[in-house]
Amino acid sequence: QVQLVESGGGSVQAGGSLRLSCAVSGSLFRSIFNINTMAWYRQARGKQRELVARITGGGSRNYADSVKDRFTISRDNAKKTVYLQMNSLQPEDTAVYYCNNVEGNYWGQGTQVTVSS
310 QVQLVESGGG SVQAGGSLRL SCAVSGSLFR SIFNINTMAW YRQARGKQRE
360 LVARITGGGS RNYADSVKDR FTISRDNAKK TVYLQMNSLQ PEDTAVYYCN
410 NVEGNYWGQG TQVTVSS
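Numbering (this note's numbering), first residue to last: 310 to 426.
Please note that the accuracy of each hint is not assured.
[As the list claims (entries may be wrong)] Taking lysine-lysine pairs in the BS3-like style, the calculated list, with each CA pair at most 27 Å apart, reads:
| id | residue 1 | residue 2 |
| --- | --- | --- |
| 1 | Lys377 | Lys389 |
| 2 | Lys377 | Lys388 |
| 3 | Lys356 | Lys389 |
[As the list claims (entries may be wrong)] Label pairs and their calculated CB-CB ranges:
| id | residue 1 | residue 2 | range |
| --- | --- | --- | --- |
| 4 | Gln421 | Ser397 | 29 to 35 Å |
| 5 | Arg379 | Gly355 | 21 to 27 Å |
| 6 | Ile344 | Gly324 | 23 to 29 Å |
| 7 | Gln310 | Gly367 | 25 to 31 Å |
| 8 | Leu337 | Arg358 | 22 to 28 Å |
| 9 | Lys356 | Asn386 | 29 to 35 Å |
| 10 | Ser425 | Leu337 | 37 to 43 Å |
| 11 | Gln394 | Thr346 | 27 to 33 Å |
| 12 | Trp416 | Thr381 | 34 to 40 Å |
| 13 | Gly355 | Val311 | 17 to 23 Å |
| 14 | Ser375 | Gly317 | 16 to 22 Å |
For the record, the hints were derived by calculation from the structure and aren't laboratory data.
Glycine is no exception: its CB is placed at the ideal position from the N, C-alpha and C atoms.
Input sequences plus hints: build the corresponding full structure.
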């Protein structure tokens, strides 16, 4: 059974930082994790879910324009974990953040990030 478990969300003031983690489980999935593309999405209240950042198995990254130069996606293939380092957070970054495996379209349960002004 495939599971993606996010952690690291919380409440911060504008200008603060948070690091989200997404750990994957499931023996078959873990065996192919290293070659899979992983992504972070977010969904603010009343808005559609949007792509925040994506990283391929080879380490290529791309970001939404709204988070470029502030957020960094990374992965630790040995730990089967994906991270999202979020710096200079702004109130408009408030959302539920979801981890996603692109190839299998698996999703985590989401973690809330709240940024106050």
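Here's how the hints hold up against the structure:
1. Lys377 with Lys389: Within the cut-off at roughly 24 Å; holds.
2. Lys377 with Lys388: holds, 26 Å
3. Lys356 with Lys389: violated, 30 Å
4. Gln421 with Ser397: 29 to 35 Å: violated, 19 Å
5. Arg379 with Gly355: 21 to 27 Å: This hint holds: roughly 23 Å between Cβ atoms.
6. Ile344 with Gly324: 23 to 29 Å: Cβ of Ile344 to Cβ of Gly324: about 37 Å, so the range 23 to 29 Å is violated.
7. Gln310 with Gly367: 25 to 31 Å: holds, 27 Å
8. Leu337 with Arg358: 22 to 28 Å: holds, 26 Å
9. Lys356 with Asn386: 29 to 35 Å: Holds, at about 32 Å.
10. Ser425 with Leu337: 37 to 43 Å: Once the Cβ atoms are compared, 41 Å apart, the range 37 to 43 Å for Leu337 and Ser425 holds.
11. Gln394 with Thr346: 27 to 33 Å: violated, 18 Å
12. Trp416 with Thr381: 34 to 40 Å: violated, 21 Å
13. Gly355 with Val311: 17 to 23 Å: violated, 30 Å
14. Ser375 with Gly317: 16 to 22 Å: holds, 20 Å
Going through the hint list in order, the structure does not satisfy hints 3, 4, 6, 11, 12, 13.
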